[in-house]
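A.B. asks: Protein sequences appear in the order of chains A, B and C.
Numbering of the first sequence is given in the UniProt record's numbering, commencing with residue 1 and proceeding in unit increments.
Numbering of the second sequence is given in the UniProt record's numbering, commencing with residue 1 and proceeding in unit increments.
Numbering of the third sequence is given in the UniProt record's numbering, commencing with residue 1 and proceeding in unit increments.
There's no promise every hint is true.
If you want a taste of the chain C side facing chain A, the calculated C-beta under 7 Å gives, among others [claimed, not checked]:
(1) Phe30
(2) Gly31
(3) Val34
(4) Val49
(5) His54
(6) Leu59
(7) Asn138
DEER-style ranges, computed between Cβ atoms [stated by the list, open to error]:
(8) A:Gly66 with B:Arg87: 31 to 41 Å
(9) B:Phe77 with C:Trp166: 32 to 42 Å
(10) A:Glu139 with C:Arg86: 24 to 34 Å
(11) B:Val175 with A:Gly70: 28 to 38 Å
(12) C:Leu90 with A:Glu165: 37 to 47 Å
I should point out that these hints are in silico values taken from the structure, not numbers from a laboratory.
No residue lacks a Cβ here, since even glycine has one placed at the ideal position from N, Cα and C.
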Amino acid sequence: MLLYILELVGIAVFAASGALVGVTKRLDIFGVCVVGVFTALGGGIVRDVLLGIHPPTSLGSWPNLGTSFGLSLLVFFLHSTVGKLRREILVLDALGMGLFASTGAVIALDHGASPLASCLIGGTTAIGGGILRDVLVNEVPLLLQRDFYAVPALLGSALVVAVSEWGSGTDVALVVGTVFASALRLVALWRNWGLPGPRVVE
Amino acid sequence: MLLYILELVGIAVFAASGALVGVTKRLDIFGVCVVGVFTALGGGIVRDVLLGIHPPTSLGSWPNLGTSFGLSLLVFFLHSTVGKLRREILVLDALGMGLFASTGAVIALDHGASPLASCLIGGTTAIGGGILRDVLVNEVPLLLQRDFYAVPALLGSALVVAVSEWGSGTDVALVVGTVFASALRLVALWRNWGLPGPRVVE
Amino acid sequence: MLLYILELVGIAVFAASGALVGVTKRLDIFGVCVVGVFTALGGGIVRDVLLGIHPPTSLGSWPNLGTSFGLSLLVFFLHSTVGKLRREILVLDALGMGLFASTGAVIALDHGASPLASCLIGGTTAIGGGILRDVLVNEVPLLLQRDFYAVPALLGSALVVAVSEWGSGTDVALVVGTVFASALRLVALWRNWGLPGPRVVE
Chain A
1 MLLYILELVG IAVFAASGAL VGVTKRLDIF GVCVVGVFTA LGGGIVRDVL LGIHPPTSLG
61 SWPNLGTSFG LSLLVFFLHS TVGKLRREIL VLDALGMGLF ASTGAVIALD HGASPLASCL
121 IGGTTAIGGG ILRDVLVNEV PLLLQRDFYA VPALLGSALV VAVSEWGSGT DVALVVGTVF
181 ASALRLVALW RNWGLPGPRV VE
Chain B
1 MLLYILELVG IAVFAASGAL VGVTKRLDIF GVCVVGVFTA LGGGIVRDVL LGIHPPTSLG
61 SWPNLGTSFG LSLLVFFLHS TVGKLRREIL VLDALGMGLF ASTGAVIALD HGASPLASCL
121 IGGTTAIGGG ILRDVLVNEV PLLLQRDFYA VPALLGSALV VAVSEWGSGT DVALVVGTVF
181 ASALRLVALW RNWGLPGPRV VE
Chain C
1 MLLYILELVG IAVFAASGAL VGVTKRLDIF GVCVVGVFTA LGGGIVRDVL LGIHPPTSLG
61 SWPNLGTSFG LSLLVFFLHS TVGKLRREIL VLDALGMGLF ASTGAVIALD HGASPLASCL
121 IGGTTAIGGG ILRDVLVNEV PLLLQRDFYA VPALLGSALV VAVSEWGSGT DVALVVGTVF
181 ASALRLVALW RNWGLPGPRV VE
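All chains, please: the whole structure from these sequences, using the hints.
C.D. replies: Have a look at this one:
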């Protein structure tokens with residue numbers, strides 16, 4: 001139950017981040033909502049397509065759709081206020097990323113994917129929405145360029161798989177993975193970590 | 001039978017619109033054909049992937065492939081003439097959109113998707129090709145920016161689901177949904193409707 | 001066995017080409033690896049999604065992932081040297097393309113796809129990775145613009161289907177298709193073949 005609420009929080013935050021990007025790109029109200037909903041649900045849809053869950057869960061879920069749509073509308077109308085909450089959004093976004101990485105990995109294991117595949121599918125669930133968002137608005141995905149974002153997602157999802165395989169039960173795995181991935185992301189934001197770019201030879 | 005012919009008309013029109021964009025981007029003859037075929041068949045392929053129809057119907061259908069390929073070639077060679085038919089193309093394109101929204105929703109219902117999911121999958125079938133086209137040629141999808149295009153698609157597809165659920169049979173639902181979505185789109189074009197963009201605070 | 005090694009060679013070459021593009025775009029080390037891995041495995045993942053193989057084979061295969069990840073890292077650190085091997089890379093890339101087209105078509109036939117669908121899925125396997133790479137880094141896919149690349153892939157994959165259907169056995173089909181597609185691509189590179197672009201009317 002707590003998990004379900006947290007997942008909706010994750011969806012809400014991802015929708016807000018997507019809608020904010022849409023506003024920046026001056027899309028109309030529908031475009032802002034589409035980008036917001038895609039960012040929020042895209043990772044889960046890609047996960048379900050990879051696992052053969054037809055049709056993807058999110059497409060039939062009123063709470064998921066309603067939450068992401070409502071948040072996108074809210075951002076469209078209040079975007080100047082939301083823009084000032086950048087700090088709070090980054091924290092919630094880190095939590096959402098951790099949750100999506102963990103639940104993605106657990107769902108993949110449940111559907112009989114191998115540990116390696118589950119770890120990758122968990123990571124994809126966490127970062128898929130953000131990549132879709134940036135491709136839709138015609139940007140090179142942000143997380144490919146600079147952010148220490150996908151590494152915590154993959155590590156969190158690997159941790160979930162490891163803990164599950166060691167037989168500790170899904171709940172423990174979910175909590176450990178989410179906390180680890182989110183905390184790592186927050187530390188990275190706080191210390192301004194980045195990954196090295198290619199050395200350019202003049 | 002009439003429906004099948006109309007669907008081919010829809011495919012032909014979508015192929016022409018995609019190929020025209022390809023010509024504008026100065027792609028070579030193969031690129032023009034790929035963009036045309038993708039625009040025409042992309043929505044249906046995404047629909048089939050979401051519903052778990054493997055492999056997607058269009059990939060095994062000579063009429064669908066032949067029509068979209070032929071139209072793309074035609075546009076490549078006659079693009080200056082086709083460019084003058086912009087008005088006629090917009091009308092046919094509205095018809096194609098309505099048809100794809102309706103057939104997509106009916107196919108989703110047939111494959112056991114929930115009403116909500118069917119409505120969204122119908123809308124995706126109608127707008128998926130256009131989004132793929134714009135992502136391929138590196139543009140922010142047009143329909144996210146200004147056009148009153150996705151709203152009629154979603155409403156038409158919702159109408160199909162509603163009529164089907166009320167037990168009126170698939171044929172009635174298809175006709176009602178197609179006419180409604182296409183007419184709404186045409187009215188929007190005629191009256192130059194658009195959706196509001198975000199208010200920009202200086 | 002030989003085939004398996006050749007497939008890994010194909011993956012390695014595609015990973016290198018993707019990672020080189022990532023370096024050119026100044027992505028960080030993780031971004032370079034993601035683009036490299038996507039380019040190498042993307043075609044196969046799209047193939048498996050279209051055929052309903054869940055989860056896609058590559059996501060559970062250590063050799064495929066390790067090879068593409070290792071090559072991407074190598075390119076990240078040695079990109080100035082790798083950049084000088086452009087000629088050798090083009091030759092290996094032609095081989096990889098031929099192999100992916102052939103194996104994609106055979107796998108599609110094995111999963112009960114029709115000859116037409118198998119031919120298209122084979123072609124998609126060969127060119128899918130490159131298209132994903134260019135969409136990710138926000139370029140109009142190179143092979144839509146100029147390169148005589150997709151035509152050999154489609155012809156090779158059609159040849160595989162034809163030979164298989166004529167009952168000559170999968171092995172013969174694989175060899176014939178790979179050799180034909182790769183050779184055609186190499187000749188095109190050597191003679192600098194291109195496809196005509198649209199005639200622009202002033």
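A.B. asks: Taking the numbered hints from earlier one at a time, note which ones the structure violates and give those numbers from smallest to largest.
C.D. replies: none
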